[in-house]
Amino acid sequence: MPKFKPHRAGVRIDMTPLVDVAFLLLTFFMLTTQFKPDEYVEVTLPASHADFKLPESNVMTICIAEKATPIGNDSTHIWMGLDSQILRQRIFSNYASMYGPTYYIKPTLYPVKKSELGNYVLQARMANPKMITVIKGDRNADYGYAEDVMDVLQKTQVTRFSLVTELAAPGQPAQ
Amino acid sequence: MAGGGDVAAPREHKGKGKKRRKGRRLGTRIDMTPLVDVAFLLLTFFMFTTSMSRPQTMEINLPPDANVKVEVAESNLLTLRVNDKGEIFYSFGIESPKKIDQKDIRAFLRDKASTNPKLIVLLKVDRMGKYNMLVDMIDELNQDGVTRFSIAPLLDADKAMIAKVS
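Protein chains in written order, with the working numbering: chain A, 269 to 443; chain B, -3 to 162.
Okay, chain A solo, but in the shape it has when bound (with noise of 0.2 Å):
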């Protein structure tokens, strides 16, 4: 079938500034990204409606398992971890010591004996009084452990602290 063809204006659209824009942007947002950090604990958030966004900085957390770990002659549900890598390792630095080579490799949360939080907590208050106490429960875990931790946040003076939950859609029931 013989087609007609019109002559074609040649149109070449010079791409060079949408690449330069486009690779500003790109290196802009590779840059900004902190990628999650390697999670030794598998948590899976429980639901709300809070809008509250967790702070970046001076972040002190407190995963509660649904699983138990063992953890020298006993076992936990409890980690800690806290952002900043160089409290983190001062803190945790007996662990290597006590609990076994594992803890060579710095992990970014320890297991932690319920009898030992509220001291570990009261070292990382000390070390940064702006720390910001978060606790990120599996939503499958027995309330209990949640209880505990709560119970020795109070104690230590920790009367401010957020639980980390994933956004519930708006209007739906929290399930």
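Treat the hints as calculated values from the structure; they're not laboratory data. Idealized CB from N, CA, C, for every residue including glycine. Treat the hints with caution; some may be incorrect.
[Said to hold, decoys possible] Below, in silico cross-link-like pairs of lysine to aspartate or glutamate (DMTMM-like), each with a Cα-Cα straight-line distance of 20 Å or less:
id	chain 1	residue 1	chain 2	residue 2
1	B	Lys155	A	Glu415
2	A	Lys335	B	Asp80
3	B	Lys155	A	Asp410
4	B	Lys81	A	Asp282
5	A	Lys423	B	Glu55
6	B	Lys81	A	Glu384
7	B	Lys81	A	Asp410
8	B	Lys81	B	Asp27
9	A	Lys398	B	Glu55
[Claimed, not checked] Simulated restraints, written as ranges between beta carbons of each label pair:
id	chain 1	residue 1	chain 2	residue 2	range
10	A	Pro323	B	Phe36	27 to 37 Å
11	B	Met28	A	Ile373	18 to 28 Å
12	A	Gly368	B	Ser71	51 to 61 Å
13	B	Arg25	A	Pro369	56 to 66 Å
14	B	Gly23	A	Val287	13 to 23 Å
Position chain B against the provided structure of chain A, taking the given hints into account.
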């Protein structure tokens, strides 16, 4: 930005250009489309990962000392007890608890919060219950305009009271 083009433009033949014989330039036009494709792909990836990775938090304040007694009028105190199965029981003051369905709790709390602005809710969750129950209850309280609530352990006496009703 407009000045950028001038800088990037090839120099007129000066210096080096004079010595070198002007060879026939091959038409080197690079098709930038795949480059742009990849750049935008990465760009969108990073844009999405940055904005989505912040989790929400729920703020809670505890009284500084557990031993400080706060006097609360009996009529203003609503105790919500949640047992290990997730069933909710409410009671005003010291009256015996009544069971309330999960789906009725919102209307109930909204009604109570609007009629009594001085309402204080005491939330008691069973230790054997799930952490999710606590978060759900706090979320419900926050949404229904109950600004003053506190969390207390569910004691054996509370369990006995609930067991009698259910």
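Verification of the supplied hints:
Restraint check for B:Lys155 and A:Glu415: satisfied, since their Cα atoms lie roughly 16 Å apart, inside the 20 Å limit. Of the supplied pair hints, the one linking A:Lys335 and B:Asp80 holds, its CA atoms being roughly 18 Å apart against a limit of 20 Å. The suggested pairing of B:Lys155 with A:Asp410 holds, with an alpha-carbon distance near 17 Å, which does not exceed 20 Å. Proposed proximity of B:Lys81 and A:Asp282 is contradicted: the alpha carbons are some 66 Å apart, above 20 Å.
At roughly 18 Å between alpha-carbon atoms, A:Lys423 and B:Glu55 fall within 20 Å of each other, so this suggested pair holds. This hinted pair does not check out: B:Lys81 and A:Glu384 have alpha carbons roughly 31 Å apart, beyond 20 Å. Taking the CA atoms of B:Lys81 and A:Asp410, the gap is near 12 Å; set against the 20 Å cutoff, the hint holds. With a C-alpha separation of about 64 Å, the suggested pair B:Lys81 and B:Asp27 falls outside the 20 Å cut-off, and the hint is violated.
With a C-alpha separation of about 16 Å, the suggested pair A:Lys398 and B:Glu55 falls inside the 20 Å cut-off, and the hint holds. Range check, A:Pro323 to B:Phe36: about 31 Å between beta-carbon atoms, so the 27 to 37 Å window is met. At about 44 Å, the CB distance of B:Met28 to A:Ile373 disagrees with the hint of 18 to 28 Å. Separation of A:Gly368 from B:Ser71 is about 57 Å and conforms to the stated range, judged on CB atoms against 51 to 61 Å.
For B:Arg25 and A:Pro369, the Cβ-Cβ distance of about 59 Å falls inside the hinted range of 56 to 66 Å, so the restraint holds. In this structure, B:Gly23 and A:Val287 meet the distance hint of 13 to 23 Å, their C-beta atoms being roughly 20 Å apart.
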